[in-house]
Structure formats: C-alpha cells, structure tokens
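**Q** Sequence:
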Amino acid sequence: MSAHAQAPAPLTARRSEKLSGRIRVPGDKSISHRAMILGLLTVGETRVEGLLEGEDVLRTADAARALGAMVERTGPGSWRVRGVGIGGLVEPRDVLDFGNAGTGSRLMMGVVAGHPVTATFDGDASLRKRPMRRILDPLVRMGAEIVSEAEGGRCPLTIRGARETIPITYETPVPSAQIKSAVLLAGLNAPGTTTVIEREASRDHTERMLRHFGAEVAVEPAGEHGRRVTLVGQPELRPAVVVVPADPSSAAFPLVAALIAPDSDLVLEGVMINPLRSGLLTTLVEMGADITFLDRREEGGEEVADLRIRAGALRGVDVPAARAPSMIDEYPVLAVAAAFASGDTRMRGLHELRVKESDRLAAVAAGLAAAGVDSTIEADDLIVHGTGGRVRGGGTAATHLDHRIAMAFLVMGLATEKPMKVDDGTMIATSFPTFVPLMRGLGADIA
Numbered sequence: 229m230s231a232h233a234q235a236p237a238p239l240t241a242r243r244s245e246k247l248s249g250r251i252r253v254p255g256d257k258s259i260s261h262r263a264m265i266l267g268l269l270t271v272g273e274t275r276v277e278g279l280l281e282g283e284d285v286l287r288t289a290d291a292a293r294a295l296g297a298m299v300e301r302t303g304p305g306s307w308r309v310r311g312v313g314i315g316g317l318v319e320p321r322d323v324l325d326f327g328n329a330g331t332g333s334r335l336m337m338g339v340v341a342g343h344p345v346t347a348t349f350d351g352d353a354s355l356r357k358r359p360m361r362r363i364l365d366p367l368v369r370m371g372a373e374i375v376s377e378a379e380g381g382r383c384p385l386t387i388r389g390a391r392e393t394i395p396i397t398y399e400t401p402v403p404s405a406q407i408k409s410a411v412l413l414a415g416l417n418a419p420g421t422t423t424v425i426e427r428e429a430s431r432d433h434t435e436r437m438l439r440h441f442g443a444e445v446a447v448e449p450a451g452e453h454g455r456r457v458t459l460v461g462q463p464e465l466r467p468a469v470v471v472v473p474a475d476p477s478s479a480a481f482p483l484v485a486a487l488i489a490p491d492s493d494l495v496l497e498g499v500m501i502n503p504l505r506s507g508l509l510t511t512l513v514e515m516g517a518d519i520t521f522l523d524r525r526e527e528g529g530e531e532v533a534d535l536r537i538r539a540g541a542l543r544g545v546d547v548p549a550a551r552a553p554s555m556i557d558e559y560p561v562l563a564v565a566a567a568f569a570s571g572d573t574r575m576r577g578l579h580e581l582r583v584k585e586s587d588r589l590a591a592v593a594a595g596l597a598a599a600g601v602d603s604t605i606e607a608d609d610l611i612v613h614g615t616g617g618r619v620r621g622g623g624t625a626a627t628h629l630d631h632r633i634a635m636a637f638l639v640m641g642l643a644t645e646k647p648m649k650v651d652d653g654t655m656i657a658t659s660f661p662t663f664v665p666l667m668r669g670l671g672a673d674i675a
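Quick note: the sequence shown uses the working numbering, first residue 229, plus one each step.
Since the hints were derived computationally from the structure, they do not count as laboratory data. There's no promise every hint is true.
Quick list of simulated restraints, FRET-style, between CB atoms [to be verified]:
#, residue 1, residue 2, range
1, Met298, His453, 40 to 46 Å
2, Ile251, Gly315, 39 to 45 Å
3, Pro401, Arg538, 20 to 26 Å
4, Ser570, Arg536, 19 to 25 Å
5, Ile251, Arg466, 20 to 26 Å
6, Gln462, Pro661, 33 to 39 Å
7, Pro344, Arg293, 16 to 22 Å
Idealized CB from N, CA, C, for every residue including glycine.
Use the sequences and the hints to build the structure in full.
**A** Written as structure tokens, this is what we have:
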C-alpha cells in the first residue's frame, strides 16, 4: 500500500543528548530518477548502485517498465535497466501513477512528449494539486499534444507525444531543473539542437548524466547568474554504470540535528557537494556551523565529500534569493536551524516553496509557531526570529502530506525543551525510508 493510502502515523521527537556516529544517508533522489530514465533511453544494460529505494523513485522505475524497459533489483540499492533506446518507447497500457513524485512525473512527461506514444499521468492528492502547465507549455511547442488535463494543467493529464519532435530554443520562466530537464529529455528525439536558457542556473544533474551516457551537451554562461544549455539531438546513448552519491537533501536532516542537539559529533559519508545543490552548506557555514569537508572525490560524475558536523552556537544570516535554486528543498530544515540561532534569519525569494508538496512557506511558519518560535512572512521572504538556542517545543506540526515538513520538525524536537509531534510520518518513505531507524541509531529519541 502506498504512503498516501495509509492511515496517518503520528511521530514524536524528544530532546536528545549527543548524536554521534558515522552514517551514509540514502542515494540522491534526483540522480536516482535520472538513472532510471536514461537507462530506459539507452540500448543495452545500465547498472545502478546506491539507488534510493524510496517510493518516488520506485514509481519512476515502474513507469520505465511500462514504457518498455526491463528493470530489476539485483540487491540492496543495486539495479539493472535494459533500455529500449531513444525512439523505442512502447505505449503504456495503463495510467502512469507517480504517487507523490513531482520530479519523476515531470521528467517523464518530457520523455513521452518527444516520442510518438500517448500516456496518462496521475498521482496522489498532493501531486494532483501541483501545477504542470509550465512543463507542458514548452513540450507543446516541441510538437506534443495535451489530450486532456485537470483544471489548471494538473494531473490526471494525457500527453500524445510528437510524431516528429521539433527542436526549440526555450527560456525558462523561473529557475527550474524540472522544466529544463523535461525540454532536454524531449529534445533527445529531435533532429538538430535543443537549447534551454536560464536566467539563474538550476541543478545540472540532467546535463551531467546525459554526458555520462554519451550525449553531446554544451553549457555556457548566460547573463550574470544564468546558463545556456545546448543538446545535440538523436544521440546514440551508451550504457553506463551510475554510482548514486548520498542525497544532500536527505543529509540535511541529520546534519542540522547534529548542529542543534548538544555535544553531537557526526560524520556523513559520501554526500554530494555539487555547487548547484550545496546552498544549505554555504548558509550553515555562514551561520557559524562547525562543518568539516573530508576526502573530496568524484562519484558518478558528481563531486562528493564526507562531512564532519559538531554541535555549536549559530547566528542569524540573510540568505539571498539567488541561492534558492541550490537549496529549494532544504528551507524547512534551515528554518529549524534558524530557530536555534541568535538573531533573525531572513530567507529571500521563496515563491517556489508555495507550489511544492505542500505550501511549504505556510507549513513551516505554522510548525515554528507550534514550537513557540516567532516568524514573519513578508511577500516571498520568511524571517525566523531566532531564540538563541532555547526553543520551547511542545506542539504538533501539521505535515500536509509533505515528507520534508515531517522530518524537519522531528529534527527540531531533538533539541526543544518539550517534545515535538508531527501529525503523520508515513510519507517520509517517499524520499528517506530509513530516516527514523537511522536517526535512532545515532541516539535520537523518535517514536
């Protein structure tokens, strides 16, 4: 039974002294989704090690199967994908149900749009609320047809892919790796070159992995913070081995827990430190966090390092809007760190948080209030008024089916004076199925 069909399972976190140990959090979700998708689009066998076996990624694996790939698990985190190649997709017999997987669904819409097949995309109540129009608009320009859609361009929606995909030059309306990736994945089956221009650079995992599989991708600066990404269409992708690095978005939770729980000393192994994903690390270091980068190296085309984290005092900072794309999923847990800091932390330009799994901006503010922490929302800025280290706690955070809200407020409860409760923890399985046992193994009191 999927997480969104289960009865709610509340969880409570209590003040915990000294989190310690050495752990590796699950594989990166963004890389895991893309490994399945590029495995589908490659003729031959792709091997994936360290795959995140959360529900979101497993839905992408199911969709790859439905579109013609042979996908099998060969051991914990080890998978094989025998793909059908670009142009070789089969039409799925059933609806592609992506559950809660926003990334998987949007990237696969790009894949389907570039092929002459018709597929219906659907998901859980949370996914059905999330806007898809800005993904669909460029795909229609490339020759895809939206056969049906729920109000406002939402799921369930049916896409009829292009008979002959049109290469386009597209400037994204907002910094979004999902829009960029959908266009590039559709462009794989287009003759000529497909170009995406971003005014602010977003995550570049798709570009890196396309190169890893043998595609020709050029990246050039565009403006002060932007990039121009050009893909040569109809390449012959080569099967590759993908070693999935540890997910920085998942690592954020034990990392912040170790910063705020007294006397903690923790090592997180093999965490991806791609500059377009490390905004949280940059911000925490500015706040005075004791984080040491050990053994920097490359795995699967991505830079990784072991991180040593020790508890200590934090101070409030001003987080620029330009940093948002590199830490968009980490704001809930950053708000928790900010609650324990001295002074105010202002996080600027968080409009994108209003259209994630929940309205994360409102959910974070409500959770902080439940813990006795004051915050202010001014337009798209969140200002957390730090307590200097003493947070009362004692409330219940409403998660709104959002895994990152659930984990953030459980982390908070490990350092509050009174326990913190979340109304439901079932959906944590979408991105970090081992979160509770892993945290307990470090000394966290979560039940």
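**Q** All the hints need checking, so say for each whether the structure fits it.
**A** Cross-check of the supplied hints:
Between Met298 and His453, the C-beta spacing of about 41 Å keeps the proposed range 40 to 46 Å intact. Distance hint check: the CB atoms of Ile251 and Gly315 are about 42 Å apart, consistent with the given range 39 to 45 Å. Range check, Pro401 to Arg538: about 42 Å between beta-carbon atoms, so the 20 to 26 Å window is missed. Distance hint check: the CB atoms of Ser570 and Arg536 are about 23 Å apart, consistent with the given range 19 to 25 Å.
Checking the proposed 20 to 26 Å range against Ile251 and Arg466 shows it is violated: the Cβ atoms sit about 34 Å from each other. Judged by the Cβ atoms, the range 33 to 39 Å given for Gln462 and Pro661 holds: they are separated by roughly 38 Å. A C-beta distance of roughly 20 Å is found between Pro344 and Arg293, which places it inside the suggested range of 16 to 22 Å.
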